[in-house]
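Visitor: Single-letter residue listing:
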Amino acid sequence: MTQTDTREPALQTIAVTVNGTRYSREVEPRQLLVYFLREQLGLTGTHVGCDTSQCGACTVLLDGTAVKSCTVLAVQVDGSEIKTIEGFADPSGKLHPIQQAFWEEHGLQCGFCTPGMVVAIDQLLRDNPSPSEAEVRRGLDGNLCRCTGYQNIVKAALSASRKLKGEEPFEKPEAAAEPAAAGVS
Amino acid sequence: MFPAKFAYAAPQSLQEAVGLLEDPDAKVLAGGHSLLPLMKLRLAQPKLLVDIGKIPGLSYIRVEGGQLAIGAMTSYREIQLSQDVHQHAAVLAEAAHEVGDPQVRARGTLAGALAHADPAGDMPAVVLALGGSIKAVGPDGERDIDLDGFFVDMLTTTLQEREIIREVRLNAQQAGQGAAYLKFDQPASHYALTGVCAVVSLSGGSIASTRLGITGVGPKAYRATAAEQALAGKPVDEDAVRAAVQSVADGVDVLGDIHASPEYRAHLARVLARRAVLEAARRAGGG
Numbered sequence: 000m001t002q003t004d005t006r007e008p009a010l011q012t013i014a015v016t017v018n019g020t021r022y023s024r025e026v027e028p029r030q031l032l033v034y035f036l037r038e039q040l041g042l043t044g045t046h047v048g049c050d051t052s053q054c055g056a057c058t059v060l061l062d063g064t065a066v067k068s069c070t071v072l073a074v075q076v077d078g079s080e081i082k083t084i085e086g087f088a089d090p091s092g093k094l095h096p097i098q099q100a101f102w103e104e105h106g107l108q109c110g111f112c113t114p115g116m117v118v119a120i121d122q123l124l125r126d127n128p129s130p131s132e133a134e135v136r137r138g139l140d141g142n143l144c145r146c147t148g149y150q151n152i153v154k155a156a157l158s159a160s161r162k163l164k165g166e167e168p169f170e171k172p173e174a175a176a177e178p179a180a181a182g183v184s
Numbered sequence: 000m001f002p003a004k005f006a007y008a009a010p011q012s013l014q015e016a017v018g019l020l021e022d023p024d025a026k027v028l029a030g031g032h033s034l035l036p037l038m039k040l041r042l043a044q045p046k047l048l049v050d051i052g053k054i055p056g057l058s059y060i061r062v063e064g065g066q067l068a069i070g071a072m073t074s075y076r077e078i079q080l081s082q083d084v085h086q087h088a089a090v091l092a093e094a095a096h097e098v099g100d101p102q103v104r105a106r107g108t109l110a111g112a113l114a115h116a117d118p119a120g121d122m123p124a125v126v127l128a129l130g131g132s133i134k135a136v137g138p139d140g141e142r143d144i145d146l147d148g149f150f151v152d153m154l155t156t157t158l159q160e161r162e163i164i165r166e167v168r169l170n171a172q173q174a175g176q177g178a179a180y181l182k183f184d185q186p187a188s189h190y191a192l193t194g195v196c197a198v199v200s201l202s203g204g205s206i207a208s209t210r211l212g213i214t215g216v217g218p219k220a221y222r223a224t225a226a227e228q229a230l231a232g233k234p235v236d237e238d239a240v241r242a243a244v245q246s247v248a249d250g251v252d253v254l255g256d257i258h259a260s261p262e263y264r265a266h267l268a269r270v271l272a273r274r275a276v277l278e279a280a281r282r283a284g285g286g
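Protein chains in written order, with numbering that gives the first Met the number 0: chain L, 0 to 184; chain R, 0 to 286.
Because the hints were derived from the structure by calculation, they are not lab data.
It is possible that part of the hints are untrue.
Sample of chain L residues lacking proximity to chain R, with all beta carbon distances greater than 10 Å (derived) [unchecked claim]:
| no. | residue |
| --- | --- |
| 1 | Thr16 |
| 2 | Thr43 |
| 3 | Asp50 |
| 4 | Ser52 |
| 5 | Gly86 |
| 6 | Leu94 |
| 7 | Glu132 |
| 8 | Asp140 |
| 9 | Cys146 |
| 10 | Arg161 |
| 11 | Phe169 |
| 12 | Pro172 |
Computed spacing ranges between beta-carbons, pair by pair [claimed, not checked]:
| no. | chain 1 | residue 1 | chain 2 | residue 2 | range |
| --- | --- | --- | --- | --- | --- |
| 13 | L | Ser131 | R | Leu80 | 16 to 24 Å |
| 14 | R | Leu80 | L | Lys164 | 15 to 23 Å |
| 15 | L | His105 | R | Asp145 | 52 to 60 Å |
| 16 | L | Asp89 | R | Pro55 | 51 to 59 Å |
| 17 | L | Cys49 | R | His96 | 19 to 27 Å |
| 18 | L | Arg125 | R | Gly137 | 34 to 42 Å |
| 19 | R | Arg61 | L | Lys164 | 33 to 41 Å |
| 20 | R | Asp22 | L | Leu10 | 27 to 35 Å |
| 21 | L | Glu80 | R | Gly140 | 30 to 38 Å |
| 22 | R | Gln245 | L | Pro8 | 32 to 40 Å |
Just so it is clear, CB atoms sit at the ideal spot from N, CA and C, and this is done for glycine as well.
Isolated chain L (complex conformation):
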């Protein structure tokens, strides 16, 4: 590396399909995928948390596999297919079963980690449709919740597993969704 090096890196044109829509954009080689999604495509559902590949808030599916988009360059995904949290709910607004499970199990407090959690759980349940609680906890190793709301996140993952297998209705019946608080009349 020399101080006098004045080479200005050329912009690169990349073509990607994000949530089913094809985009062609010019990017700086150093542009990270998460910033490409947020700032160039306006898809701000994918969050930047730690920005050091630890917290998982930036998790997206890259060609069907969960990755941390803060540690992938936009140029690396040229020609790839990406799914972000915006691609999970039905266009009609109907939630994805994993999102529905988060809603019902109170799987989020501040919500910052939620998009990454949902995407990571999608990968987890495709790899292992019937995980044990321990397997869910281990499988979410790459996602941090600073509210420490893990208990309900794990419950949501297990509920989503049952929903996806048809063992539990998509929508929990009202009575089951709100159990009466003990000791309150």
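Based on these hints, arrange chain R on the given structure of chain L.
Guide: Leaving out everything else, chain R in the frame of chain L:
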């Protein structure tokens, strides 16, 4: 956080990639899960990234001549999911499961980890214990590098400036052999404070031969050859194994940091070596 500016090239062949490495400020990009974090922290500032991820045919696991042949772009995730790995060197899948987290394992590569040679990486200990070689491509063609001697120092290997790993070849486990990888990790990063991989061959109920790969202890992963020799002929017995592995950290410039002192790391190495040898022997069928 973003890296300093760099130019980017995505060659279509390894030969083309080797040509691009003529630039002394160029760096090879594979999975990017060691290099990109370093670049974001500006601890690495290459002027040109040569991405070998677009080269066709570099992601594979094959069984060839008693060895596993693993392509340069093969990720930890692919290793974990490979039936061939589970059948022929299950300890590699076991150790791959210990690396980072699921998302990191989807991008990070075995070959990249070996080229990076992190002193606390899991893979170096495992490949040293299994034994094998690196096939590296450079300006003068391809050469085989024995894994013994591949790691030179912290973040340093015998790979030359313009050489790129094309394939990692690891010895498949034989009948009567067992292997185990045990580590004590830093709980936030999951990097090994100390990790030990043992591959044990039994004969008539006692230990015939052992290979011990140690990581996290010194500036580079290494084989504990004195302990390997001391284990030969010993019964599969806790006291005998404990005595034989006392030397695993001897003669090593043991690292110390806020997570573990040198004394503690050396202690962990002795404990984990004993446990790994006993577990490997148990898996080999020796109780």
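Visitor: If a hint holds in the structure, say so; if it doesn't, say that too.
Guide: Okay, the hints, checked on the actual structure:
no.	hint	result
1	Thr16	holds (17 Å)
2	Thr43	holds (17 Å)
3	Asp50	violated (5 Å)
4	Ser52	violated (6 Å)
5	Gly86	holds (17 Å)
6	Leu94	holds (23 Å)
7	Glu132	holds (17 Å)
8	Asp140	violated (4 Å)
9	Cys146	holds (18 Å)
10	Arg161	holds (21 Å)
11	Phe169	holds (26 Å)
12	Pro172	holds (33 Å)
13	L/Ser131 / R/Leu80: 16 to 24 Å	holds (19 Å)
14	R/Leu80 / L/Lys164: 15 to 23 Å	holds (21 Å)
15	L/His105 / R/Asp145: 52 to 60 Å	holds (56 Å)
16	L/Asp89 / R/Pro55: 51 to 59 Å	violated (36 Å)
17	L/Cys49 / R/His96: 19 to 27 Å	holds (23 Å)
18	L/Arg125 / R/Gly137: 34 to 42 Å	holds (40 Å)
19	R/Arg61 / L/Lys164: 33 to 41 Å	holds (35 Å)
20	R/Asp22 / L/Leu10: 27 to 35 Å	violated (19 Å)
21	L/Glu80 / R/Gly140: 30 to 38 Å	holds (37 Å)
22	R/Gln245 / L/Pro8: 32 to 40 Å	violated (54 Å)
Hints 3, 4, 8, 16, 20, 22, counting from the list given before, are not met by this structure.
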